[in-house]
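Got chain F sorted already, so can you dock chain Z onto it with the hints?
Here the protein sequences line up with chains F and Z, keeping their order.
Every position in the first sequence, counted from 1, becomes a number in this note's numbering once 146 is added.
Every position in the second sequence, counted from 1, becomes a number in this note's numbering once 1247 is added.
Hint data in this document are derived by calculation from the structure and do not stem from the laboratory.
Glycine residues also receive a C-beta, built at the ideal position from the N, C-alpha and C atoms.
Among these hints, one or two may not hold up.
[As the list claims (entries may be wrong)] Some chain Z residues near chain F, calculated using beta-carbon distances under 7 Å:
id, residue
1, L1314
2, I1317
3, R1319
4, A1390
5, Y1409
6, F1419
7, F1420
8, I1434
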Amino acid sequence: MNQYWLAAPEIFLAGAICAVLLVDVFLRPEQRQITYLLAMLALIGAALASIMAIVQQPVVTFSGSFVMDPAGGALKLIAYLLVALVFLYSRNYLEEHDLFKGEFFVLALFGLLGIMVMISAHSMLTMYLGLELLSLSLYALVAFNRDSALAAESAMKYFVLGAIASGTLLYGISLLYGVTGTIEFSALAAGLVTDAGISLPAVLGLVFIVVGVAFKFGAVPFHMWLPDVYEGSPTPVTLYIGSVPKIAAFALTWRVLVEALGPMQASWQGMLIVLCVLSLLIGNIVAIAQTNLKRMLAYSTISHVGFILMGFIAGTEEGIEAAMYYTMTYVLMAAAAFGMIIVLSRRGYEAERLEDFKGLSQRSLWFALMMTLIMLSMAGVPPLVGFFAKFTVLNALVTASQTWLAVFGVVMAVVGAYYYLRVVWYMFFEDATDRAPLSSALDLRLVMSVNCLLLLGLGVFPGFLLDLCARVL
Amino acid sequence: MTFPLLSLLVWLPIAGGIAVLALGSDERAALAKQTALGVSIVTFVASLALVLQFATGTAEMQLVERLPWIERFGAWYHFGVDGISMPLIVLTAFLTPLVVLAGWQVIEKRPAQYYAAFLLLEGLMIGVFAAQDALLFYVFWEAMLVPMFLIIGVWGGARRIYATVKFFLYTFFGSVFMLVALIYMYIQSGDFSIAGFHALPLGMTEQTLIFLAFLIAFAVKVPMWPVHTWLPDAHVEAPTGGSVILAAILLKMGGYGFVRFSLPIAPDASESLSWLMIALSLIAIVYIALVALVQQDMKKLIAYSSIAHMGFVTLGFFVVFRIFQNAPDGAGAALAFQGGMVQMISHGLISGALFLCVGVMYDRLHSREIGAYGGVVNTMPKFAALAVFFALANAGLPGTSGFVGEFFVILASFQADFWLAFLAATTLVLGAAYTLWLVKRVIFGDVANEGVASLTDIGARELAILGILALAVLALGVWPAPLVSAMDATLTGLLEQIAQSKL
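This is chain F alone, in the form it adopts within the complex (with noise of 0.2 Å):
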């Protein structure tokens, strides 16, 4: 197969994106709609692109720098329905706020762009390439609200430390470099198994490169800047923010510790080990102190990675689907968690406060019931998705003997449980505060009650998706 037909979703994207930026410069604001459709339907050639390219067998081209698979192929849709579901639940908040620029598509598709070459990344190039792509289109976002003081103080402490990362990334890469003489990842795994073992130098290379992982991650200790920037972006962005680069993580993990860096296994599996146990305990214990919810979200979305994190720590075949697997349904739950913030913002209003959820089965039961969805499914009671992805995580740790870990995840989502009951309590048990009604637009609500649906269906049906992801990978 030609190559460039593989990369025909990058490509189709790349000109879709350039195209979408010219039209913009030439619309008036009253017609910023256009840029809006425009951008969906960038997204839906490349759905197309992403289907006709999609290949049985992993194939390696442009000189082994570039990789199309099945799960490359699965994660790239699963990322166009997650931008496509952000900006669905944008618009309307964008229009009310101001803040209706067609920047904001063009730099969340380019973030997109990134996340692509991320996935189909095959060599150490590749993947800084995507991973700055996204980072840069990130950085600019969290600042797009240009009049919001905690906005700029969000993006540049973003910018400065995931500089820091990703020069410490580099540095890993260089290491690892001066090591096996390739950047290219089978390369990589076959030139790291020497007679003598590995090499020193290349366990200190990968130390900085699991840094990197996990401040890209946010695990802990790394997750100083998530909570910030989840809190003082414009809440569209940290939907973004908090769901689309997750499936980037995963695959930076998957494709650099699993493809390049396999042989490591035993070296990279303790220090996961670490950062997923710190995830657990610091993400929930802080999570229970928060006021507003998007920090909130914040602290949980650090937990969650630990139990992503659990999937590679089994390093099993079992445990990359698990970690798939939860990746997948978690950006869900993410996008449905933040999208409710948006439901019941309205002009100059934020409802980001826990105390803004206070009474809202009073208000709208319909909504209350949805946020209570997709709470219970963060938590991981059955029969929301939420409780499959903890147990098929569960499950490949078990099978790898890695118990007590499992032990420490299970009693860890318990004291996560608290934290999202509360969101619970405060709809149903509490009187509200705010008896505003709820004003978001019809569009908005449909999407939201569709995407809370899936976290149940996916959850009472949670054969599909799981089949998937083995078949995939």
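Below, chain Z without anything else, positioned relative to chain F:
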């Protein structure tokens, strides 16, 4: 393919609950009530069909439904009943209409949601008893917490939020260990079939760990000392209907878990740890009964009495190992099991009825304090007659169902150890003490205050609810044979199973 009766019993209330939620806004409360009552009665009738179809004399699973659910994990949509689960399903279906009826004129806050929650809860509880696939069981087991959480939290008393969060976290904490144990066994056996788990050969260490994991889950649910502290709080704060379901059915899930999972899966660990279980049961029977004696709050008193009575259930299940040691032929072991099971059903009826009695008084005076009452018999004679009857049943009066279970267990305990039986038998004194003292202070005596003087006797609705329960308690007490014979084959099979060492 036979008619999927169990699926009907599970999904009809759930569908009904969703319908009530969708149909009944707060303005159309009457419609919500009627739909809820209709659905729960139809479910009860369907459960009678279950009794008719049920064949006694076999330990096999009956009315089995088995469809693939998650093929990747070998989890099946697998329902079935045997002599252990059938009576519990019927009990659930029997109590739900009464609970719906009990809230008829009382629940004014968001009635549609109230009834919907109870219907959902009913379906999920029946699902717990019917599931023969461990993952399916776990899903129902956990999902059930959510409606109960909302029932206590929305319609409960002053400290409802504290109580309901405590309830949820305690039970959630208990069950996650069970999840890890289930996953472990799944990896050993390749699928989630409970029967497959029963047949799984396990070493002593594995059995012990699995047993302890289950113990945390089920001990919280039963609840056993020292993890019982959530129950008095939950009971006191829950609305009457919530207390009834909590005491009558949710607690039974712990006992059910022991016979369905712990005993047959880890028989050797059960045997080696039976001293612990017996000790915890006796602490519940003696110590908790003493605690009940000093309570000032009626609901709290009944809650502690529940813990003490559930001690008989766990005692009955685990004393069999001591009986085996004394008499290798196992004479008397079957009696202990039967006692435990009968006690579960009987306690479901009696504690439910007692909570309804407290509810009747609370609806009138809005107090649960014992001190706020006195001489109720003067103003509410009909009610007083029924309340005294249930109190006597709670104290284990012969002729009521409360006697049968306790008597069986005490009798069987004599086969194990005299002192053990002696301690268990103190309940006849202690139980009578706290129950009768409660009756004396609340029901009898002179009219204590104006509040009591203004009480009106129970109406037809309340009379019907309590009357039906009284009949059930009496029937089971006078003639427990049908219940015992329904369970007999399954319990005998279970005894044979646990007598076989897995080592």
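**Asked** Any hints this thing doesn't respect? Which numbers, in order?
**Response** 1 and 5
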